[in-house]
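Chemist: Chain by chain, the residues:
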Amino acid sequence: MQPNVQHPEEYPTSNLIDKAHALRILEAVLYASETPVPTLVLSQAFEDEYDTQHDHKITNAQIESWLNQLSAKLADSALELIKTATGYRIQVRPKYARIVTRLWPERPVRLSQALLETLSVIAYRQPVTRADIEQLRGVTVNSQILRTLFERQWIAEDGFRPVAGRPALLVTTKYFLDAFGLQSLEQLPELTEMNQIIHDLNDKNIE
Amino acid sequence: MQPNVQHPEEYPTSNLIDKAHALRILEAVLYASETPVPTLVLSQAFEDEYDTQHDHKITNAQIESWLNQLSAKLADSALELIKTATGYRIQVRPKYARIVTRLWPERPVRLSQALLETLSVIAYRQPVTRADIEQLRGVTVNSQILRTLFERQWIAEDGFRPVAGRPALLVTTKYFLDAFGLQSLEQLPELTEMNQIIHDLNDKNIE
Amino acid sequence: MTESEVEQHTVNLARVNDEWFSELPDDLYIPPEAFAIMLERFEGPLDFLLYLVKKNGLDLVKLDIAPIASQYLAYIKLMHQLDIELAGDYLVMAALLADLKSRLLLPAPKSLTVEDDPRQSLLARLEEYARIKQGAALLNDQLVEGRDVFAVTVGVSNILPDNAEPEITRFNADILQLAMRAILSRPPVVEHRIIAEEVPLEERIIAVRQALQSGKSIRFDHLLVRAQGRMGIVVTFMAILELLRQQEIEIVDDGLKENQNKEDQSPSLLTVRGLNLAA
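Residue numbers (the working numbering), protein chains in the order written: chain A, 1 to 207; chain B, 1001 to 1207; chain C, 2001 to 2279.
Excised from the complex, chain A in its bound form (with noise of 0.2 Å):
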């Protein structure tokens, strides 16, 4: 728990940012997040924080050193960071995955009115933003029922769009899938109802 800088040597060009610290902004981002994290993106968390007051980039080893550093302390907890096709995250050791899947078995059971439009825009208009749903919905989109989505792994990123900001898109999945019971999207319940209809009408009316 304590800041212990025992290599310095290893890293020279970044001698000057704190471990402790680092390793805390390690952490704010993998726990923030609602999806594995890519280096990519835990090198931005750095950006700001060091590259401009010491004109130096954090480099990727140096991460990943930190990284190790991270897994070590996670070591006598019931988490544990791992590494998966997309990025970083941290989790609940399977150990422990008992005591949480007994105390909320009935957590798949209930979806929420939010959790199904938000997941209906999701399926239906895929790949979509988060500003998409927005917009389609009305209200902003809650990031707990976002994550909630991940966490079922029924919706994934894949990709961004190439905006300002580079929103991540996102995609239903195979759990999904699974889920409703669907071989594929094309056995979406259809939608060609009056609704729809006035919907796209009134798109173009906007446009």
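Note that these hints are calculated values from the structure, not bench results.
You can take every hint at face value.
Stretch-level coverage of chain A by chain C, calculated; a stretch enters the list once three of its residues show a Cβ under 8 Å from a Cβ in chain C:
| hint | stretch |
| --- | --- |
| 1 | 83-91 |
| 2 | 97-103 |
| 3 | 114-128 |
| 4 | 177-189 |
Every residue, glycine too, gets a C-beta built ideally from N, C-alpha and C.
Here the structure of chain A is known, so what remains is to put chains B and C in place on it, guided by the hints.
Modeler: For chains B and C alone, kept in the frame of chain A given last:
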């Protein structure tokens, strides 16, 4: 991970419980939960784990003591343990909000002045009708704002006023308290004297 | 606009409207276009009034409402002259203040008690609004989850320790369709200023009559012209009602089938057929 019964004198009833293991159970539950965790749920986590084996109850005092230790364990991290209206929550410290909002600019909750004033009326003057809000703020209530407040579950309808039209009465919810880090409505910041208000607002408007 | 021009402008205005502009506050030297921007900063007439109160450094409790009312009315009048669009709330307040002012100019009746003082209710409103505004500022100062602090939710390892068959809850995909329909059937949230193109009923009647001339059945949505938007839907429906009344067409499907027969899930829409007029 090793059994480590260092302080049997402190909690004689639970001397069979490994403190480090207990902290890990609390961690698993607190980190995995999507919402603040009530003490009751925390104690359930232990029931499954211990009571059936050892035939004794974990007291709330015991749990609170462990929570304090968990909180201490977080002192050097980017996280903190807080108590809100509905339970305990682990959150990323405000100090790191800047990094999080920079990495995910689309995520942060934005609170417009109009939304804050509407929420303020409901929070401080509840229960109120829509007409009350209009009367107090001197402007028409923006449906969009109410919708956002409902969507976030920060407000709810609670009965109606027995006058013509039976307008719904609006109140804040425990989720509002959770979101604003409050344990109860009594913890709402107090409104001060009139002159002080004028003085403060002066400063604010000039910004 | 240079400062001297503004000054000139203001002086001229003062000569024209002595009632309003003899009491012009100093900060009317703001360029006119800045008024609109300034107004946007306020949450409404009460907020604006409160600003005037504060700017004058007045004690709200002892406040003589008259100068504030005059200032407010002066602003409103000026903005009106500058063609700056004002929300109705501001005009309602202006009417209230004008009424208040005129009543205050009348000699006070002997029986006027504090409770009857028309200033009191406005002052009470201002005070209450100031509190609400303070409450808003205090709420804004709180550490808000999702803005200042971020609740942590970590996933749970997918590897089940005992390799137990995970209990998969299956959902009916229809709930997605219902949710999507709920979204689509809501009125659009953003208020668009759409200059409604008139859709003449006569044109629609002719169009529907022509489309059904051959005696064939056509579904309602196929009678619509996309460019006509919502108004087109409404007017087309009116055209159908008119043609029904004149017995030129008949209904093949009233579009209510889905409700009558739950077995049949196929979408059902109003469908009409032209009648042979020659017969």
